[in-house]
Amino acid sequence: MKKTESQATSRPGRQSPIGQFALTIAACIGTTLLATPLLGHLDLANIVMLFLLTVLLIAVTLGRNAAVLASILSVLLFDIFFVEPRFSLAVDNIQYLVTFAVMLATALITGQLAAGLKQGAQEARIREQRTQALYELARQLAGAPTLERVRELAGHFVEIQFAAHVAIILPTDQPENDVPTSPTGATVRVEPHLVRVALDSGQLVRSDAVSELGLASLYLPLRASLRSRGVLAVDFGYDPGYLEAETQSLLEALASLVAVAVERLDYVDITQRKELTIQSERLRSSILSALSHDLRTPLTALVGLADSLSLVKPPLPATALDTALAMHEQAARLAGLVDNLLDMARLNAGGVTLRREWQPLEEVIGASIKLLGSALASHPVRVSLPPDLPLIEFDAVLLERVFCNLLENAAKYAPEGTPIEIVASQSSDLVTVRVSDHGPGFPTAKRDELFNMFVRGETESGKLGTGLGLAICRTIIEAHGGRIDADKMPDGGGASVCFTLPKGLPPTVEEEKS
Amino acid sequence: MSAAAPKVLLIEDEKQIRRFVRAALEEEGCQVIEAETMAQGLIEAGSRKPDLLVLDLGLPDGNGVDLIRDLRGWSDVPILILSARSQENDKIDALDAGADDYLTKPFAVGELRARVRALLRRSYRNSEAATPVVEFGDVTVDLSRRLVSRGGETVHLTPLEYRLLATLLGHPGRVLTQRNLLREIWGPSYVESSHYLRVYVGHLRQKLEDDPTQPKHFLTETGVGYRFQP
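In the order they appear, the protein sequences are chains A and B.
According to the working numbering, numbering within the first sequence proceeds without interruption in unit steps and concludes at 609.
According to the working numbering, numbering within the second sequence proceeds without interruption in unit steps and concludes at 638.
Because the hints were derived from the structure by calculation, they are not lab data.
Backbone N, C-alpha and C define an ideal beta-carbon position, used for all residues, glycine too.
A portion of the hints provided could be inaccurate.
[What the hints assert, rightly or not] Covered by chain A, per the in silico footprint, the following chain B stretches (three or more residues, Cβ under 8 Å):
| no. | stretch |
| --- | --- |
| 1 | 425-438 |
| 2 | 471-483 |
| 3 | 607-614 |
| 4 | 622-631 |
[To be verified] Listed below are the simulated DSSO-like cross-link pairs for lysine-lysine, each with C-alpha atoms no more than 27 Å apart in a straight line:
| no. | chain 1 | residue 1 | chain 2 | residue 2 |
| --- | --- | --- | --- | --- |
| 5 | B | 615 | A | 465 |
| 6 | B | 457 | B | 423 |
| 7 | B | 423 | A | 408 |
| 8 | B | 624 | A | 507 |
[Stated by the list, open to error] Facing chain A, a subset of chain B residues (Cβ under 10 Å, in silico):
| no. | residue |
| --- | --- |
| 9 | 492 |
| 10 | 517 |
| 11 | 518 |
Let the hints inform the model, and build the full structure from the sequences given.
Quick look at the structure:
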């Protein structure tokens, strides 16, 4: 406490206790010296008044402790130097004992009152000054454009009001020990556990033990409207001892001002980010659709022109016809490739936007089989779904891509004439779909990498592909909140890909009365 | 077919695409009018009165959907859309605006010819007296008597199922968007409740298709709507 006062610049007029006592003693002796020549001219009662005046002045200027000292000293000096016999404590006239008692009592009481008044006035001044400072801080924080500025303002405030250092720790900050404060460049070392406790409990946390290790000793949560936004750590640089209620409430006010500022900055940040996301999404989709148009237009012409060659009348010679057919095939394959690349670009550009609707799984399976058409000609597809399968919420266009890619893969690798199976099953919260074939299966070693981009099961095989299909499947399924895994059928069968979709709460369709 | 060759207006900005589409249409015995821009297309449509419009959605001077809206103000000519995949919204807008069918680029010439044939046939049939009996697969629907039978046995449909069936049968080969069907059968307040439509199409497939998981007549146009294929 004493050290606090000595350091606090906010309490002017307070010297060190030793200085105070020296000044008190000097003043009392001065009064004695001043009064001695007047001894013959003045009544002793009036000399008592001089001493009382001194005590009063000391109380007003030096405070309560000095006033008590001055009271006792005055009575002693009065006794020794003015009351007969002089230069001794002895008293001739017993009456003077009453004088002493009254003088002591009067001196003590006036001293106390004066010191109390002075202290009160001083405290009021400090309070006013702090309130003023708090207003000023609130005004500045309201306009603070960055977190750095908030830190700087809070640092200045604590520096001036408490001669202490402060650090603002946000949950997003790295859990490091040293958080520099900007105004002085001083470093505040914090105790991470105490920060966590303050953040989690939303209560002020204080530990004097850590201040001896040079760590900040006071941790105030930055309580905002929804949650604690961080922690304000105060390092007094010394043991603060007893924390005055006023100091604490001032720090709490500071913490809530900082919390509001941090929250405001956070909201500003969120708004700006959202705007940026919308803009970049718009840009991305316009680039992709321009790219898609530019790539597809020549492909469409190529596919169509090659196609129309084979329909020319009179028919072309057989070799030319074969060439036309091959051209058509290659162009169509290229178109599929472009589709996959554009899909991957769209999905990977971040933020897959799903157009989710509640729908039966069988519908999208049927549509996928229909879409692949002749590619599945030599592979009958057997679909087996539980009759009580509920509606599932998914993006039909994207899930159609998943089924098309899986079926295409199966048709590509499994021997002709072997069936492809699509089996669905359900648990309490998931629907699991398995697409399996009777081909050679995935190579075991690579099974985990299969869903990465540009990874192919059989690198050296003659089959064409980019290794994008399964990567697209994974992106789509994961965007739906599901999982996708590759497997080998247990009975020595072929490849099997298994994915899940969350069931959710399907809407009800009222049965009509028929 | 009527004596005169049907006139087809082809609005497409890419020359090579126009070339093979024209060839395919002429193979079908059509007379082809070409237009490169929307403005030109609109003028040709007004002055030449085509029997069919083949329209690319991505025209340089505007959105093809606006052209369809303009055109539908004064003409019922069938419209076939050419559009790229991943433009589901454009397709839906075009179909809602009054287009009849769409082809996704790149498309096979055979497919194009089949669609053109179907659209032309329909525009002729519309002028004839419509027959109340529709047959597809082993199913017979007598629209005048509201009777549905499959393989000679009567199939029982609920009123909503029957309305959905009748609506689909009324536009053979044509893609009907979800919104369209929902508005027509359930009413305007149901246009966002697509699961109703999906469940009822499922019912129709259960009752009328050989393999409901791989339908042949009630086809899904994923992300767009449904098509009845006789």
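Notebook entry, point to check: Against which earlier hints does the structure fall short, listed by number upward?
Noted result: 2
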